[in-house]
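S.K.: Put together the whole structure using the sequences plus the hints.
Take a look at the letters that make up each chain.
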Amino acid sequence: MKKVLSMILVFSLFVTLLVGCNNSNDGGSTGSGVDGEVVEIDFWNFPNYTVIDDVPGKYEEALVAAFEEKNPGIKVNVQMIDFKSGPEKINTSIAAGTAPDVLYDAPGRIIAWGEDGALASLNDMIDDGVKENVSESILRASRAGETYYMYPTHHAPFMMAFNKTKLEELGLMDMVNLEGDRSWTTAEFEAFLKAINDADERGPIVFASSQGGDQGTRAFIANLYDSPITDDALTEYTVNSSNGVKSIQWMADAIDSGLLENGSAYDAGTAIDEFVAGRVIGTLLWSPGLEKIKSEGLNFETVFLPYPNSENPKLEFLVGGLCILDNGDSAKIEASKKFIDFIANDPEWGPKNIVSTGSFPVDQRVAVNYDDPMMTYNATMSNNYSTYYNTIPGFVEMRTYWFPTLQAVINGDKTAEEALNDFVEKANASVK
Amino acid sequence: MGLSMKKKSAKRIIKKDDLIAYAFIAPALIFFATFVFYPILKGLYNSFFEYTWRENTFIGFDNYLALFRDEIFLKSLGNTVKIVVIAVPLIIVFSLGVSLFIYKLKSFSRSLFRAVFYLPVVTGSVAVTVVWRWIYDPYSGVLNYILKFFGVIDDNIIWLGDSSYALFCIIAVLLTTSVGQPIILYIASLGNIDKSYEEAAKVDGANSWQVFKNIKWPLLMPTTLYIVVISTINSFQIFSLIQLLTSGGPNYSTSTVMYLVYEKAFKLGQFGYAASMGVVLAILIGTMSIAQFKVFGKEVSY
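From first to last, the protein sequence lines stand for chains A and B.
Per our numbering, the very first residue in the first sequence carries number 1; after that it's consecutive.
Per our numbering, the very first residue in the second sequence carries number 1001; after that it's consecutive.
Derived lysine to aspartate or glutamate pairs resembling EDC-like cross-links, with alpha carbons at most 20 Å apart:
hint, chain 1, residue 1, chain 2, residue 2
1, A, Lys337, A, Glu68
2, A, Lys426, B, Glu1050
3, A, Lys352, A, Glu68
4, B, Lys1267, A, Glu88
5, A, Lys337, A, Asp128
6, B, Lys1267, A, Asp82
Note that these hints are calculated values from the structure, not bench results.
The structure displayed is predicted, hence computed values, not measured ones.
M.R.: Listed below in C-alpha cells is the structure:
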C-alpha cells in the first residue's frame, strides 16, 4: 500500500513539474493566419502617447480597438514598457525568442536591432509616396544600407526650457531672446545663469546618472562652443576637439561656481521632475512631447530655448517610428504592417496619434494643425536639426560611455581633455 | 540456496527503494540540471565565443584576454573586492554584537529587534532603494539635513555622485539589507549554547570577555562560517542596489562585476564577453569560499 502511495506521489510530482515547465500556448487564437483564424500580434509601446486618466496604455487600448474594428481578423495585445527598463526588456525578449511583433521606438535602437537581424524589412511599406513626402534625413535615419527597418511617423526637437513664470517674477525675461530661433551665445547664457544665481534660484541640473536623456547633455556640450559630436560622414566621434574641451570645461566651471547644478547623482527623469516641481528654474532637456506629458504637474508657464551657441543652435531631435520584429511568422508580419499603416496613415487616427505624442508628422501628407505659439516655434526649429548620428554603428555602446565622461570631469577625476579623449577612444572603438 | 535467494530478494528491495528515492529527488534534480547546471555549462561555453545578437564565432580565450585589458572591468573587479572586504567583516561584527545584546533582552523586546533588523530583508530592494535615494538626495535628503543641523558639514554632499563617498554609501545600504538573517541565526545559535558552560566558567572566575572568547565564539563558529560564506557570495553578487542607486557611477566608482555583466549582456548584447566575466566571478567566489572553509573550518566543531 505504501509503495502504491509512494508511486502516486512521485507521479503527481512529475506531473506538477511537467505542467509547471510546460510553455502552454493556451491563447487558442494565436494562429498564423490560416483562413478564418484570428492573427494575434503583440504591440509594445513606451509612454509615447499622452496618458489618459493617469492610466498608461489607455490611449493605446482605444487605438487598438479602432484598428481591430476595421481589421476583424487581427487581434492586438498591448503592453506598456518604461524608458528605464524597457530597452533591456526588449533585448532580453529578442534573445529569448519572446519578442513582441510591433514596437514603437526611435532609430538609435531600431537600426541596431535591424542590423542584428532581429527585424523585418519594411521596404514594401516605404513606397514612392512616402519617399516623396518624408525628408531624406529622416528616411536615412530609418534604414540601414538599403533596408528600411523603421516606419517613421513623427519628429520633434530636443531643447532647453525655463520657468517663464519665475523668470518674469525675477525680472529676468529681458535676458532671454524671444525673437526668431531664440539663439543666444554662451556668454549671454552665462550672464543669465549668474542673474539666476544672484536671485538665489537653482539653475538647470547637469544630470549624468543612468543613461536616458543623454542626448540633452550631449547637445548642450556640442553647442556651447560648437563642437559636433561626430563628423558629418558618421565615421568617427569628434567631440574631443579643442572646442569640445572648452565646452566641457565651461560646464565644470559653471557647476563649481553654482551656476549649474551638479547632477552626477541625478538621472534625466529626476532632473526633469525637479524642474516640473519648480525646485530648479530650468532643464537641459525638454521637448514638446515632455511638455504634453508633464502638463498636469506643471504649475507654471515654460519657455523653450535652444542651447547657447556662438552661431546657430544645432539641435538633436527625436524621430519616432514603428518597427516589426521578425518572429518567423509571415502572417504576423503582414498583420503588423497593417497595424503600422493604421497608426501612421489612418485618416482619423494618424493625425490624432501625432498630436498625442506632442510632436510633428514626418509625412507632409499627414496634416496636423497646432494652434499654439509654443508648437509653432518648435516646428520652425526643425531648420536647426544637426546631423543625426543615432544610427552610427555602436551608438548604443557609445551611450554607456557618455555619463561616466561627464561624471569624471564634474568630480575632478580627469581633466576635460583626458575625459573627452578617453570617451572618443572608447566610442570610436565601438564604431564597428 | 536459501541464503542466496534471501540476498537476491534483499538486493531487489534495495534497488526498488533506491528507485523510489531517485524518483523523489528527480524533480529537484531536473530543476537543478535545467536551471543551474546547464546554464553554468552554457555560460562557460559561451565565454569562448564572440557571441552577440548577430554572430557566434569561436575565439578561444580572447574574451578572457580582453577582460584583463579592459580598465572598466578591472575597476569593477576592484570595487567588487573592496565591497566584500569591507562589508563582510562589518556584517559579522555588527550582527554578532547586536545578537549578543538582543539575546539578553526579554522575549518581546527580542522579537521586536529581530523584526526591525529583518524588515529590510523582506522588503523589496526597489522599495529599500527608493528610501535610500531620498536619504542620500543631495538637496532634499535627510542625511545632509541632519549633518548640517549638527554642524558636521557646511555644504551639501552629493553622496551618490561623488566618487569619494558613493561606494561607501552603497556598502551602508548593503549592510542594512544583509544583517537581518545573520542576526536571526546568531540569536538561534546563542540559544543552543548550554547555559551550564557559562555558569561553570563564571564559577571558575571567568569574566564576560573570557566567556565570550572561550565558550560562545567557538560554539558559534559553525554559524559564523555559514554567515561568512553566504555574506561573501551575496556581496560578490551585488547588483540591484548598484543598478537602482548609481548605475555604476560616478565614473565607474560603484560599478561591480555583476553590474557590468548585466550592462554588457542586456544593454549591449555582448553575451560572450559578459559570460567570461561571469566565469571569472564564479572562479573568484569559489576560491574565496574554499579558502574560507579551510581557514574557518579548522575551528569548527559540530
